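Engineer: Put the two chains together into one complex, using the hints given.
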Amino acid sequence: MTPELGQLALILALLLALAQSILPLIGAWRGNRALMAVARPAAAGQAVFVAMAFGILAWAFLRFDFSVQYVADNSNLALPWYYRIAAVWGAHEGSLLLWILILNVWTVALVAFSQKLPEVFASRVIAVMGLIAVGFLAFIIFTSNPFGRLLPMPGDGADLNPVLQDPGMTFHPPMLYMGYVGFSVAFAFSIAALLGGELEQAWVRWARPWTNIAWAFLTCGIVAGSWWAYAELGWGGWWFWDPVENASFMPWLVGAALIHAQAVTEKRGSLRAWTILLSIFAFSLSLLGTFLVRSGVLTSVHAFASDPRRGIFILAFLTIVVGGSLLLYALRAPRVLGGKPFKVVSRETVLLIGNLMFAVAAAMVLLGTLFPLIGDALNLGRISVGPPYFGFLFPLLMAPVVLLLPFGPFLRWGKGEAPVLKSLLLRVVIAALACAIVAAFLVDGNLKAIVGVAAAVWITVGVLLYAYKRWREMPRGRRYPAEMAGMLLAHLGVGVFVAGVLLSESLSVTRDVRMAPGESQHIGSYEFRFDGVHRANGPNWKADQGVVTVIRDGRELTVMHPQKRTYLRGQVQTESAVDAGVTRDLYVALGEPMDAGNVEGAWALRLYYKPFVRWIWAGGLLMMLGGLVCAADKRFRLKRGAGAEAGAIASLRVQENHA
Amino acid sequence: MNRLLPFIGFMLLVGLFGFGIWWNTRHDPNAIPTPLLNKPAPAFNLPKLYEPAQTVSKADLLGKPYLLNVFASWCIECGVEHPVLTAEGPSLGVALVGYNYKDAPADAKNWLARHGNPYGLLIADEPGQTAIDFGVYGAPESFLIDAKGVIRYKHIGPLTPDVVAKELKPAIAAMLKEAP
Numbered sequence: 337m338t339p340e341l342g343q344l345a346l347i348l349a350l351l352l353a354l355a356q357s358i359l360p361l362i363g364a365w366r367g368n369r370a371l372m373a374v375a376r377p378a379a380a381g382q383a384v385f386v387a388m389a390f391g392i393l394a395w396a397f398l399r400f401d402f403s404v405q406y407v408a409d410n411s412n413l414a415l416p417w418y419y420r421i422a423a424v425w426g427a428h429e430g431s432l433l434l435w436i437l438i439l440n441v442w443t444v445a446l447v448a449f450s451q452k453l454p455e456v457f458a459s460r461v462i463a464v465m466g467l468i469a470v471g472f473l474a475f476i477i478f479t480s481n482p483f484g485r486l487l488p489m490p491g492d493g494a495d496l497n498p499v500l501q502d503p504g505m506t507f508h509p510p511m512l513y514m515g516y517v518g519f520s521v522a523f524a525f526s527i528a529a530l531l532g533g534e535l536e537q538a539w540v541r542w543a544r545p546w547t548n549i550a551w552a553f554l555t556c557g558i559v560a561g562s563w564w565a566y567a568e569l570g571w572g573g574w575w576f577w578d579p580v581e582n583a584s585f586m587p588w589l590v591g592a593a594l595i596h597a598q599a600v601t602e603k604r605g606s607l608r609a610w611t612i613l614l615s616i617f618a619f620s621l622s623l624l625g626t627f628l629v630r631s632g633v634l635t636s637v638h639a640f641a642s643d644p645r646r647g648i649f650i651l652a653f654l655t656i657v658v659g660g661s662l663l664l665y666a667l668r669a670p671r672v673l674g675g676k677p678f679k680v681v682s683r684e685t686v687l688l689i690g691n692l693m694f695a696v697a698a699a700m701v702l703l704g705t706l707f708p709l710i711g712d713a714l715n716l717g718r719i720s721v722g723p724p725y726f727g728f729l730f731p732l733l734m735a736p737v738v739l740l741l742p743f744g745p746f747l748r749w750g751k752g753e754a755p756v757l758k759s760l761l762l763r764v765v766i767a768a769l770a771c772a773i774v775a776a777f778l779v780d781g782n783l784k785a786i787v788g789v790a791a792a793v794w795i796t797v798g799v800l801l802y803a804y805k806r807w808r809e810m811p812r813g814r815r816y817p818a819e820m821a822g823m824l825l826a827h828l829g830v831g832v833f834v835a836g837v838l839l840s841e842s843l844s845v846t847r848d849v850r851m852a853p854g855e856s857q858h859i860g861s862y863e864f865r866f867d868g869v870h871r872a873n874g875p876n877w878k879a880d881q882g883v884v885t886v887i888r889d890g891r892e893l894t895v896m897h898p899q900k901r902t903y904l905r906g907q908v909q910t911e912s913a914v915d916a917g918v919t920r921d922l923y924v925a926l927g928e929p930m931d932a933g934n935v936e937g938a939w940a941l942r943l944y945y946k947p948f949v950r951w952i953w954a955g956g957l958l959m960m961l962g963g964l965v966c967a968a969d970k971r972f973r974l975k976r977g978a979g980a981e982a983g984a985i986a987s988l989r990v991q992e993n994h995a
Numbered sequence: 482m483n484r485l486l487p488f489i490g491f492m493l494l495v496g497l498f499g500f501g502i503w504w505n506t507r508h509d510p511n512a513i514p515t516p517l518l519n520k521p522a523p524a525f526n527l528p529k530l531y532e533p534a535q536t537v538s539k540a541d542l543l544g545k546p547y548l549l550n551v552f553a554s555w556c557i558e559c560g561v562e563h564p565v566l567t568a569e570g571p572s573l574g575v576a577l578v579g580y581n582y583k584d585a586p587a588d589a590k591n592w593l594a595r596h597g598n599p600y601g602l603l604i605a606d607e608p609g610q611t612a613i614d615f616g617v618y619g620a621p622e623s624f625l626i627d628a629k630g631v632i633r634y635k636h637i638g639p640l641t642p643d644v645v646a647k648e649l650k651p652a653i654a655a656m657l658k659e660a661p
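Residue numbers (this note's numbering), protein chains in the order written: chain A, 337 to 995; chain B, 482 to 661.
Everything labelled a hint here was simulated from the structure, so no lab data went into it.
Hints may be right or wrong, so weigh each one.
Said to hold, decoys possible - So these bits of chain A aren't anywhere near chain B, every CB distance computed over 12 Å:
hint: 1; residue: P490
hint: 2; residue: V499
hint: 3; residue: Q881
hint: 4; residue: V918
hint: 5; residue: V935
What the hints assert, rightly or not - Partial list, derived from the structure: chain A residues whose beta carbon lies under 8 Å from chain B:
hint: 6; residue: A494
hint: 7; residue: L651
hint: 8; residue: Y665
hint: 9; residue: A666
hint: 10; residue: A669
hint: 11; residue: L673
hint: 12; residue: L706
hint: 13; residue: L825
hint: 14; residue: A938
On a predicted model such as this, the values are computed, not experimentally measured, just so you know.
C-beta: ideal position from N, C-alpha, C; glycine also.
Just chain B, same shape as in the assembly (with noise of 0.2 Å):
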C-alpha cells in the first residue's frame, strides 16, 4: 500500500491538471473584458476608401446591423481571415463594413484587387485616429453594431470558421431576435 502512495498522489494532481484544463476553456484567463461591449460605438467620420472626398459617420449606418471588420494590408492574419469573410459574410445578415486600418490606400485597394471584396462598404482610417476611440489593438478585430449603433460582440484576432459559427453567429441571431 505505501508504495503506491507516489502513484495515487500522481493521480489527484492528473485529476486537478484535468480539472485545470477544463477551467481554462471556460474561462479565458488572459480575456481583456472590452468596456465598449453593449455600450453606444463611438462617434465616428471617415473617408471611404474608394471615394476619399466622402466621409461616412457614424449617423450615416444607424438603423441597420453591420459587422465592422478591422484590417490592414500589412497584416498577415487578416489574409487568414480574408476567404472565411469573403465565404461566410453572404450567409451572416449583417452589413459588412471594411475598416482599413492605417494603411496606405494604394496597398488596401492592392491587396483586395487581389484576394477579392467581400465588404459592401469600406472605411479608411490611415492615421489610426478612430481605431484609439475603438480600443483597436491591431487587425484583425471585428465589432457587430446593432441598429442603434450598439457594439454587441467584439471579437479580437481572426474571424476562423469556429469563431463565426460558435460566437458571431449566435451573437447576431440573439441581436436580430431582440430588435426585429
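The shape of chain A in the complex, shown without the other chains (with noise of 0.2 Å):
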C-alpha cells in the first residue's frame, strides 16, 4: 500500500506546484494580495508531499520491497545499507526524484529567506521555481513513475549498477544536482524582474549568494565525479570529456561566469541584460544536462536507459522553458538596462573579457558534445569529436582568462589607472620567468611542465600581491571580508588547479607490464614488486586481490591492493589502489591474469606514477570553498527600509574606492 502512497504524494504535489506558480503570477500581475500570498504555503506544502514521496522510496528500499518495480531492478538482498539508500538515486526514475526533491530544497530556502523581497518580486519568484516543478512532476508521474509495481514479487532484486557502488560515487549525483538546480534560483530571479520589468541592485546583491553557493555545490560535484573516475575506471584520468561530463560542465562555465557578471550588475548596475541572459543559460544548460542523460540522444557510459517517449517529453518542456524565458528576454531585456559607463581599462573590462572566455568555452564544449548529432543531422556519418578538439581548444580560450586574473582586482571599477598595472605587471612576470627556469631544470625542460609553473605562480603571486595590498591599505577588520576572502580563495584555486593538471599531464609516467610473482618494476626511484593475487570477499561481491609493494631506497613504502570484483550479478568492477600524497600519487590497477585458469600465475598490472595530480582536485575544492565563503558575506544579508539601503550603499562606495 506504502507505495501507492507515494504515487499520491507525487501527485498532491504536482497539484500544489500549479497553485504555487499559477495563483501568485495572476496574484502579480493583478495586483492581488490574496493570489500572492499562496505561493509560500503552497510550496511548503509541495515540499512536504515530494519529502514524504523520497522517503517512501527510500523506505521500501530499506525493507526489501521487491515488489515495487524500481526497488527489485535497483538492489537485492545483499546490498549494504548505505548502497541501498544511495541506490534510490541509482537509476532514472529515482534520480529525478532526487532532482524534484532538492528542488524542493532550494525553494523552501528560497520561500524562507525571501521575506524581506518586495511581495510582487518574491511571489513571482517562486511561482517561477512552481513551474520547474510542475514540469518536473509530471515528467515524473507520467513517464517515469518510481512506485511501479512488479508482480509477482520476485524473491530478491537485481542489482545496483556496481559503478555506483562506490563512496565517491554515492554524493556526485546529489551534489551535481545541488548545483544544477541551485540555478534555477537566478534563473527564477531572472525572468521575475523581466516580468515586473524592473531590475533593483539590491535585488541583484540578494541573489548573489544564492548563485555561488549553487556554483560551489555544481564544483563539489563535478570534482567527485573526476575523482571517481581517476579512482575506479582504472586508467589514470581524470577528465575524459565524455559527453555527459560536457554536460555538467557546461553549466559550471557559464555560471563562473555570472557569479561574475552579478558583482558588476550588483557593484555598478552595468552588464544587466548579460546577467539576465547568463542565469537563463546558467539554467538551460542544467536542464540540457538532464536531457542528454535522459532522451538517448547521446550514447554515453552515464546515460540512463532512454525511452523516445521521455525524450520527447523533455525536449517539450526544455523548449517551454528555456524558448519562453529567451523570447521573454528578447521582448523585455531593454526595460531593465542601465547603469554606470565603464573605460577601456577598468575592472569591468576584465571580467567582461573573463566572461565573453567562459561563455565562448561552453558554447564550444557544447558544439563539441552535439557533434555526433550534427554529423547525423548533416548526413556526414558516424563521426565525434574527442579530447584532442576539446584538449586544444579549451587551454586556449582559457588562456586569456588566466592571463588577466591577476588584473582584475587591482583595476578600479569604471576607470583604472595603467601605473598599477605596469608595476603589478613587473612583478608576476619576474615572479613566473624565474620560478619557470628553475622548473626547467626540474623537469628536464618539459615544455608543458614549465607553462604549468609559470601559469600558477603567475596566478598565485597575483592573488598574493592583491592580499597584500589590502593588507598594507586596510584597516584592520576591514582588509577581508568574507567576499574578498573567497574570491582570493578561488583565485588560488585556479592556481593550483592550473599546476595540478599542467604537471600531472606532462609528467605522469604510466606502465602496462606483465609481472609475475615476485617480480619487479621500476618507475623513477619507486620499485613495485608484485606480491601475487588472492582471493577477497565483500557482501555482495567477490574479488581478485593483487598485493603490490611499493619500496623505495630500499625501505618498504606501502602496500597496495588493486581489485578486480565480480558482483553478483556477473558485472566486472575495477577498484584500483591509490598511494596518495601530496606531490605524488601510485596508482596501480590489475588487469587480466595471463593464464585466465591460473590466478596465481602472472597478471597483466597498469603502474602509474602520477605527479602532483591530487593539486587538481583540491584546485577545485578551493574555489568550491571560496564560493561558500562568499556566500557567507553579510552584506548580502537584505535589510529592509530606505534607511538600511542607503547605508549599504554607501559601505559599497567605500568598497569601491578601496578596492
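Structural biologist: Next comes the structure, spelled out in C-alpha cells:
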C-alpha cells in the first residue's frame, strides 16, 4: 500500500506546484495580495509531499520491497544498507525524484530567506520555481513512475549498478543536482525581473549568494565525479570529455561567468542584460544536462536507459522553459537596462573579457558534445570529436582568463590606472619567469610542465600581491570581508588547479606490464614488487586482489591492494589501489591474468606515477570553498527600509574606493 | 533583432534535438548486430527438461519453424515475458520451444508449475555451454528458426506485446510467406 501513497504524494505535490506557480503570477499581475500569498504555503506543502514520496521510496529500499519494480531492478538482499539508500537515485526514476526533492529544498530555502524582498517580486520568483517543479513532477508522474509495481514479486532483486557502489559516487549525483538545481534560483530571479520589467541592484545583491552556493555545489559534484573516474575506471585519467561530463561542465563555465557578471551588476548596475541572459543560460544548460542523459539523444557511459517518449517530453519542456524565457528576454530586456559607464581600462572590462571567454568555452564544449548529432543530421556519417578537439581549444580559450586573472582585483571600477598595472605586471612576470627557469631544470625542459609552473605562479603571485595590498592599505577588521576572502581563495584554487593539470599531464609515467609474483618494476626511484593475487570477499562481490609492495631506497613504503571485483550479477568492476601524496600519487590497477585458468600466475598490471595529480581536486575544492565563503558575506543579507538601503550603498562606496 | 538571437539559436538546437530523438528511434545506437542472423542455427544436442534421458538435437527439429525462447527461473524479466508468451504463443503459428538456461531442473519445473507452461517442447541447458554457441547474453532471449534451421529473427530481452506485434509477427509472416 505504501508505494501507492508515494504516488499519491507526487500527484498532490503536482497540484500544489500548479497552485504555487499560477496563482501568484496572476496575483502579481493583478496586484492581488491574497493570490500572491498562496506562493509560500503552497511551496511548503509541495515540499512536504515530495519529501514524503522520497522517504517512501527510500523506505521501500530499506525494507527490500521487491514488489516495487524500481527497487527490484536496483537492489538485492546482499546490498549493504548505505548503498540501498544510494540506490534510491541509482537509476532514472529515482534520480529524477532526487532532482525534484532538491528543487524543493532550494524553494523552501528561498521561501524562508525572501521575506524581505518586495512581495510582488518574491511571489514571482517562487512562482517560477513552481513552474519548474510542475514540469518535473509531470515528467515523473506521466513517464517515469518510480512506484510502479512488479507482479509477481520476485524473491530477490537485481543489483545496483556496480559503478555506483563506491563512496565517491554516492555523493556525486546529489552534489551535482544541488548545483544544477541551485541555478534555478538565479533563473527564477531573472524571469521575475523580466516579468516585472525592473531590476534593482539590491535584488541582485540578494541573488548573488544563491548563485555562489549553487556553483560551489556544482564544483564539488564535478570534483567528486572526476575523483571517482580516476579511482574507479582504472585508466588513471581524471577527465574524459564524455558527453555527460560536458553536460555538467557547461553550466559550471556559465555559472562561473554569472558569478562575476552578478558582481558587476550589483556594484555598478551595468551588464544587466548580460547577467539576465547568463542566468537563463546557466539553468538552461543544467536542464540540457538532464535532457542529454535521459533522452537517448547521445550515448554515453552515464546514460540512463533511454525512451523516446521521455526524450520528447523533456524536449517539449525544455522548449517551453528555455524558449519561453529567451523570448521573454528578447521582448523585455530593454526595460531593465542601465548602469554606470566604464572605460576600457577598468575592472568591468577585465571581467567582461573573462565572461566572454567562459561563454565561448561553454559554446565550444556544447558544439563538441553535439557533434555526433550534427554529423547524423547533415548525413556526414558517424563522427565524433574527442579529447584532441577539447584539449586544443579549451586551454586556448582559458589562456586569456589566466593571463587577466591577477589584474582584475587591482583595477578600479569604472576607470582603472595604467601605472598600477605596470608595476604589477613587472612583479608577476619576474616571479613567473624565475619559477619557470628553476622548474625547467627540475623537469628536464618539458615545455608543458614549465608552462604549468609559470601559469600557476603567475596567478598565485597576483592573488598574493593583492592580498598584501589589502593588508597594507585597509584598517584591521576590514581587510578581508568574506566576499574578498572567498574571491582570493577561489582564485588561488585556479592556480593550484592549473599547476595540477599541467604538471600531472606532462610528467606522469604509465607502465602496462606483465608481472609474475616476485617480479619488480621500476618507475623513477620507486620499485613496485608484485606479490601475487588472492581471493577477497565483500558483502555482494568476490574479488581477485593483487598485492603490490612499493619500495623506495630499500625501505618498504606501502603495500597496495588493487582489486578486480565480480558482483553478484556478474558485472566486473576494477578497484584501483592509490597511494596518495601531496607531490605524487602511486596508482596500480589490476588487469587480466595472463593464463585465465591460473590466478596465481602472472597478471597484466597498469602502474602509474602521477605527480601533483591531487592538486587538480585540491584546486577544485578551493574554488568551491571560495564560493561558499563568498556567499557568507554579511553584505548579502538583505535589510529592509530606505535607511538601511542607503547605509548599504554608502558602505558600497567605501568599498569601491578601496577596492 | 539582436535580442532575438539567443532565442533563434536555441530553436535551432531544439530542431537538432528533435531530429536526434527521431533518428535514434530508427537507429538503435546500442544495437549489437547478431552475426547469426540469416545463418544456420548452431548445432545442439540437449536433454529434455521433463525427461532428461531423452535428448533433442537441431536435426530433430528441422522441417518445421519454431521460436526458441531462452528463459530461467532466476530471471526476473522472464517473469515479465511469461504472460505475454502464454497469451500470444498459440496465435503465433509456430511451435514454442523453451530453452531453460543455467537453471536447476527442480527450480525450472517449480517455476513452470507456478506460472504455467506455454512451451510445446522444453530443453535444458544447465551448464550453459550450448548457449554460448547461440551468443546468448542472458535470459530472456528469443530466436525464430525456420524449417531449414536458419535463424530468421532474434530478440534480446523480454518479448513485450509491442515487440510481438511489431517485430516478431511480421518476421513470422515473412518467413511463412517465403516457404509455405
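Engineer: For each hint, tell me whether it holds in the structure or not.
Structural biologist: Hint check results:
1. P490: Since the minimum Cβ distance to chain B is about 5 Å, P490 (chain A) lies within 12 Å and the statement is violated.
2. V499: Since the minimum Cβ distance to chain B is about 17 Å, V499 (chain A) lies beyond 12 Å and the statement holds.
3. Q881: Its Cβ never comes within 12 Å of chain B, the nearest being 27 Å, so this holds.
4. V918: holds, 43 Å
5. V935: Check passes; 21 Å lies beyond 12 Å.
6. A494: Nearest chain B Cβ about 6 Å off; hint holds.
7. L651: L651 (chain A) check passes; min Cβ-Cβ to chain B is 5 Å, inside 8 Å.
8. Y665: At about 7 Å, which falls below the 8 Å cut-off, the nearest Cβ of chain B leaves the hint on Y665 (chain A) intact, so it holds.
9. A666: holds, 4 Å
10. A669: holds, 6 Å
11. L673: Since the shortest Cβ distance to chain B is 11 Å, the answer is violated.
12. L706: holds, 7 Å
13. L825: Given a least distance of 33 Å, the restraint on L825 (chain A) is violated.
14. A938: At about 26 Å, which exceeds the 8 Å cut-off, the nearest Cβ of chain B leaves the hint on A938 (chain A) violated.
Hints 1, 11, 13 and 14 from the earlier list are contradicted by this structure; the remaining hints agree with it.
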